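There are 2 protein chains.
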Amino acid sequence: MYLVKVYVTYKESILDPKGEAVNDALHRLGYTNVDSVELGKYFEIKIKPDKRPIEAEVDEMCDRLLANVNMETYRYEISQMEAL
Amino acid sequence: MYLVKVYVTYKESILDPKGEAVNDALHRLGYTNVDSVELGKYFEIKIKPDKRPIEAEVDEMCDRLLANVNMETYRYEISQMEAL
Numbered sequence: 000m001y002l003v004k005v006y007v008t009y010k011e012s013i014l015d016p017k018g019e020a021v022n023d024a025l026h027r028l029g030y031t032n033v034d035s036v037e038l039g040k041y042f043e044i045k046i047k048p049d050k051r052p053i054e055a056e057v058d059e060m061c062d063r064l065l066a067n068v069n070m071e072t073y074r075y076e077i078s079q080m081e082a083l
Numbered sequence: 000m001y002l003v004k005v006y007v008t009y010k011e012s013i014l015d016p017k018g019e020a021v022n023d024a025l026h027r028l029g030y031t032n033v034d035s036v037e038l039g040k041y042f043e044i045k046i047k048p049d050k051r052p053i054e055a056e057v058d059e060m061c062d063r064l065l066a067n068v069n070m071e072t073y074r075y076e077i078s079q080m081e082a083l
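Same order as they appear, the protein sequences are chains B and E.
Just so we're aligned: the first sequence equals residues 0 to 83 in numbering that gives the first Met the number 0.
Just so we're aligned: the second sequence equals residues 0 to 83 in numbering that gives the first Met the number 0.
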């Protein structure tokens with residue numbers, strides 16, 4: 000079994016109003032040394048080995064469903080889980 | 000400047016309906032070897048150095064705002080950014 004961690008964030012050119020809101024809230028709580036906040040999505044996906052390479056499958060899953068590639072960018076880490 | 004990456008996920012005992020929905024959607028798209036999906040939040044925070052230790056500040060920010068510690072758990076990575 001693979002454990003895949005996918006991180007989806009907005010592209011540089013896209014406004015991130017939720018991240019701005021968190022930034023403002025942190026400032027109001029007194030964390031005035033916070034410079035910027037970006038808010039993204041984080042997926043932990045367990046995948047059973049298949050015939051096709053895992054990287055190709057994860058790339059396709061990200062492009063088709065997990066990220067909106069017009070506005071978002073993604074990266075991922077794949078690790079092998081211990082069999083129990 | 001520090002770059003802090005914070006990952007917030009539901010605790011084991013808490014239902015994750017959004018993760019379930021993504022899991023179902025992946026199955027419908029043909030990725031039937033996907034075993035489970037958990038959906039969490041991902042923050043990238045830039046913080047200027049302060050008098051207090053960065054770890055103490057990030058712990059407090061997570062407990063007070065970024066995570067709902069009744070339902071969620073968090074972990075973070077802190078790295079030093081290059082001065083430009």
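Since the hints were derived computationally from the structure, they do not count as laboratory data.
Incorrect hints may appear among the rest.
Remember, identical chains collapse to one label, so a pair may be satisfied in a single copy or spanning two.
Heads up, simulated BS3-like pairs for lysine-lysine below, C-alpha to C-alpha not over 27 Å straight-line [to be verified]: (1) Lys-47 - Lys-10; (2) Lys-4 - Lys-50; (3) Lys-10 - Lys-50; (4) Lys-17 - Lys-40; (5) Lys-47 - Lys-17; (6) Lys-4 - Lys-45.
Here the structure is a predicted model, which means the values were calculated and not measured.
Taking the hints in turn, this is what the structure says about them:
1. Lys-47 - Lys-10: For Lys-47 and Lys-10, the Cα distance is within 27 Å only across copies (23 Å; inside one copy 30 Å).
2. Lys-4 - Lys-50: within (20 Å within a copy, 34 Å between copies)
3. Lys-10 - Lys-50: This pair counts as neither: shortest intra-copy Cα distance 33 Å, inter-copy 32 Å.
4. Lys-17 - Lys-40: both (12 Å within a copy, 12 Å between copies)
5. Lys-47 - Lys-17: between (34 Å within a copy, 21 Å between copies)
6. Lys-4 - Lys-45: both (9 Å within a copy, 22 Å between copies)
Taken one by one, the earlier hints fail for this structure only at number 3.
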